[in-house]
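*Asks:* Heads up: the sequence lines are chains P, B and S, in that order.
Using this note's numbering, you'd call the opening residue of the first sequence number 1 and step up by one each time.
Using this note's numbering, you'd call the opening residue of the second sequence number 1 and step up by one each time.
Using this note's numbering, you'd call the opening residue of the third sequence number 1 and step up by one each time.
Think of the hints as simulated: they come from the structure by calculation, not from any bench.
The reader is advised that the hints may include incorrect statements.
[Said to hold, decoys possible] Footprint (simulated), chain P over chain B, 3 or more residues, beta carbon under 8 Å: (1) 46-60; (2) 195-203; (3) 227-238; (4) 322-330.
[What the hints assert, rightly or not] Partial list, computed: chain P residues near chain B (C-beta under 8 Å): (5) R27; (6) I100; (7) I118.
[What the hints assert, rightly or not] Chain B side only, calculated, beta carbon under 8 Å to chain S, not exhaustive: (8) G69; (9) R94; (10) N150.
Even glycine gets a Cβ: it sits at the ideal position worked out from N, Cα and C.
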Amino acid sequence: MNQEELNNRLSEIKDKLINIEQTKDSRIFLLCEAENSFAVSKFLFEDLALRFMIATGIDSEDCFEILYHFSNDGTGCVVTVKAFIRDRENPSIESITPFIPAAEWIEREIYDILGIEIKNHPNMRRLILADDWPEGVYPLRKDFKR
Amino acid sequence: MKESVNKPILAVGPFHPLQEEMEYFQLTVDGEIVTDIDVRISYNHRGIERLSETLQYDQIPFLVSRICGICSASHPLAYINAVEEIAGITPPDRALYVRTIINELERIHSHLLWVGLGGHFIGYDTVFMWAWKYREPVLDLLEAITGNRNNYGNVKVGGCREDIPNELIPKILKELDLVEKKTDMLTKAILDDPVLHVRLKGVGTLSKEDAISYAVTGPTARGSGIAIDVRHDDPYAAYADLDWKVITQTEGDVFAKAVVRLLEIFESIKMVRQALKKLPDGPIAVEVKEIPPGEGFGRAEAPRGETFHYIRSDGGNRPVRHKVRAPSYVNVPSFKASCIGQHIADVTLTLAAVDPCYSCTERLAVVDGRKNVVHDYDALLRLSREKTARIKKEIGVPEIKLEDF
Amino acid sequence: MSWKIWSLKKSVWVFHVNTGACNNCDIEIVNLLTPRYDVERFGIKLVGSPRHADALLVTGVVTAQAAPRLRELYRQTSKPCVVFAMGACACQTGIFNGAYHVVGPVDKIIREVDPNAIIAYVPGCPPKPEAMISGVVKALSIL
Chain P
1 MNQEELNNRL SEIKDKLINI EQTKDSRIFL LCEAENSFAV SKFLFEDLAL
51 RFMIATGIDS EDCFEILYHF SNDGTGCVVT VKAFIRDREN PSIESITPFI
101 PAAEWIEREI YDILGIEIKN HPNMRRLILA DDWPEGVYPL RKDFKR
Chain B
1 MKESVNKPIL AVGPFHPLQE EMEYFQLTVD GEIVTDIDVR ISYNHRGIER
51 LSETLQYDQI PFLVSRICGI CSASHPLAYI NAVEEIAGIT PPDRALYVRT
101 IINELERIHS HLLWVGLGGH FIGYDTVFMW AWKYREPVLD LLEAITGNRN
151 NYGNVKVGGC REDIPNELIP KILKELDLVE KKTDMLTKAI LDDPVLHVRL
201 KGVGTLSKED AISYAVTGPT ARGSGIAIDV RHDDPYAAYA DLDWKVITQT
251 EGDVFAKAVV RLLEIFESIK MVRQALKKLP DGPIAVEVKE IPPGEGFGRA
301 EAPRGETFHY IRSDGGNRPV RHKVRAPSYV NVPSFKASCI GQHIADVTLT
351 LAAVDPCYSC TERLAVVDGR KNVVHDYDAL LRLSREKTAR IKKEIGVPEI
401 KLEDF
Chain S
1 MSWKIWSLKK SVWVFHVNTG ACNNCDIEIV NLLTPRYDVE RFGIKLVGSP
51 RHADALLVTG VVTAQAAPRL RELYRQTSKP CVVFAMGACA CQTGIFNGAY
101 HVVGPVDKII REVDPNAIIA YVPGCPPKPE AMISGVVKAL SIL
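From just these sequences and the hints, can you work out the full model?
*Replies:* Below you can see the structure in the form of structure tokens.
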């Protein structure tokens, strides 16, 4: 899929997005609310056949962000779904593991290090932190102190 | 962990004699057949992403090169690509070439290392000793260029720290000739060996569909017929100027992955030669003032696959978020697809075939299934070797030609 | 010199423990077995069980998850046992100092089990194989 086709196809899901930002040709950001991220990721993975690279969880000041990075290997373009989780008290997002098995580990990791609940994850267990790590302490939150 | 009390569980790890790192695999088996596999990581988790937020942009290359000792050129390069993307810096041409050469030398020694370990897993220690012997000259070259055998610390934002002295070029070319000759001998010995064909073909097959849904990268993907390679798809450093090809195989088994890696060594040697020939004159670094606010991605093709770094900057001198995705992080979970239904004797080999790197992945646990039958890693290694011996007997021992040595 | 120490110093069998290293020290340790360095000439051998080991080669920072396993491994070794902290991380946690999942360095964890443990340090990132050999020789010669 070349760049033009990709841009055209991306406009199909415009109604689920807040905005499309393009910093340069090969870097596209799709901004959306957390409840739409499932549909957007599914569209990118299944309909556009982009390769899932990884997800990044970020503790921004007023919300949590989950970034799903997809790669269009034909052109070297990185398409990033930026999902905003506004609820800081009980942050949660829908799991994408049911259709992208590759996301299993990273979603478990995001739960471990940021405490974001991943809804409908098929195998939610501790992945990255030690067995005796205290519950409810999330090391990548900005208020974490060692 | 699965509450399966009746089914025997085979524990692999967390400490075992050959794979240098800690990881813990729990295999549920039915007779000789593996029916489920579970992995626990955490042993190697050092919290690099958090630590990185406390360091300055200049210090981080030293930290990220210590994510994994064998990918200690690719991680910093991916990081630098991300920072340079945010700041819009174009390093001088010579720096790009130096980066390319160091990365390709790293790939040569890493692939030889894998070939050796792969040989050891099936009890073919001759290959282990050969491959590791031929890898040493490459480490010497890296030491001559950067001052260290590993953890080169050679890239910085805006260029490189150490240049390749022009006087060193003839020596590098000479050593490469030697490495190429030895690798050629090794490759032929491996590809001609009927025992290895029977032992490795059809083992640990990862189908193309599974490879896509597990989103694997690097030689693991290329062995399953997916032609992805960051050096080709999203060229960085000087790769766009070089003439080389992406090696793929379609079978997806251990043999295919071995072939991909062996042939890639030759491509890498070719690339280093070209890069040395084209090496432009000039400075190796530009001055960098400030990193503006923004987000950037950096990708690099490590020996194991695509390394991905994401940096978010708020305009200060430290990143506010630095995400690292090492290739093994997506390659390791594909065991679920490639190990289930296999013989126990093949599992170690299949696990090894993706060249797992747990320090990258941030690691894998101790067994608590006390009621279950627990074998150790030695038993697995023994099983694997027994199978090799059995096959050898069945097909007859191959002739060893002395002139090949 | 007690006969235990005397026998410990001949043909040292080592068990390699990674407690959260970046793999570099580990690769260099395996490198010692391969043709260029070939320490097996001197009877130094990597063994598969801590119960067979005269020495532990410990690499890495000791992460929270690895610490209990390291203590257990040390308890399993036959005493006297020499612990070698290989590399900057094992000696002093190195560049990872202060990270949330790091509880090391190695000597702190080993001393929790045995305050009189024999611990030798080989700094470097990674120590060159020659440095590792030299470290082992020095440590054994002053025992």
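*Asks:* Confirm or reject each hint.
*Replies:* Evaluation of the provided hints:
Here the stretch 46-60 of chain B counts 3 residues with a CB under 8 Å from a CB of chain P, which clears the bar of 3, and the coverage holds. Coverage of the stretch 195-203 of chain B by chain P is violated [criterion: at least 3 residues with CB-CB distance below 8 Å; count 0]. For a cut-off of 8 Å, the count of residues in the stretch 227-238 of chain B with a CB near a CB of chain P stands at 5, and the three-residue condition holds. Under a criterion of three residues with beta carbons nearer than 8 Å to beta carbons of chain P, the stated coverage of the stretch 322-330 of chain B is upheld, 4 such residues being counted.
With a cut of 8 Å, the hint placing R27/P at the interface with chain B holds, because the nearest CB-to-CB distance is about 7 Å. With a cut of 8 Å, the hint placing I100/P at the interface with chain B holds, because the nearest CB-to-CB distance is about 7 Å. The criterion of a C-beta within 8 Å of any C-beta in chain B is not met by I118/P, whose closest approach is roughly 16 Å, and the hint is violated. Because the closest C-beta pair between G69/B and chain S is about 3 Å apart, less than 8 Å, the hint holds.
For R94/B, the interface hint is violated, the least distance from its beta-carbon to any beta-carbon of chain S being 27 Å, above 8 Å. For the restraint placing N150/B at the interface with chain S, the shortest Cβ-Cβ distance is roughly 5 Å, inside the 8 Å limit, so the hint holds.
Checked against the numbered hints above, the structure breaks hints 2, 7, 9 and satisfies the rest.
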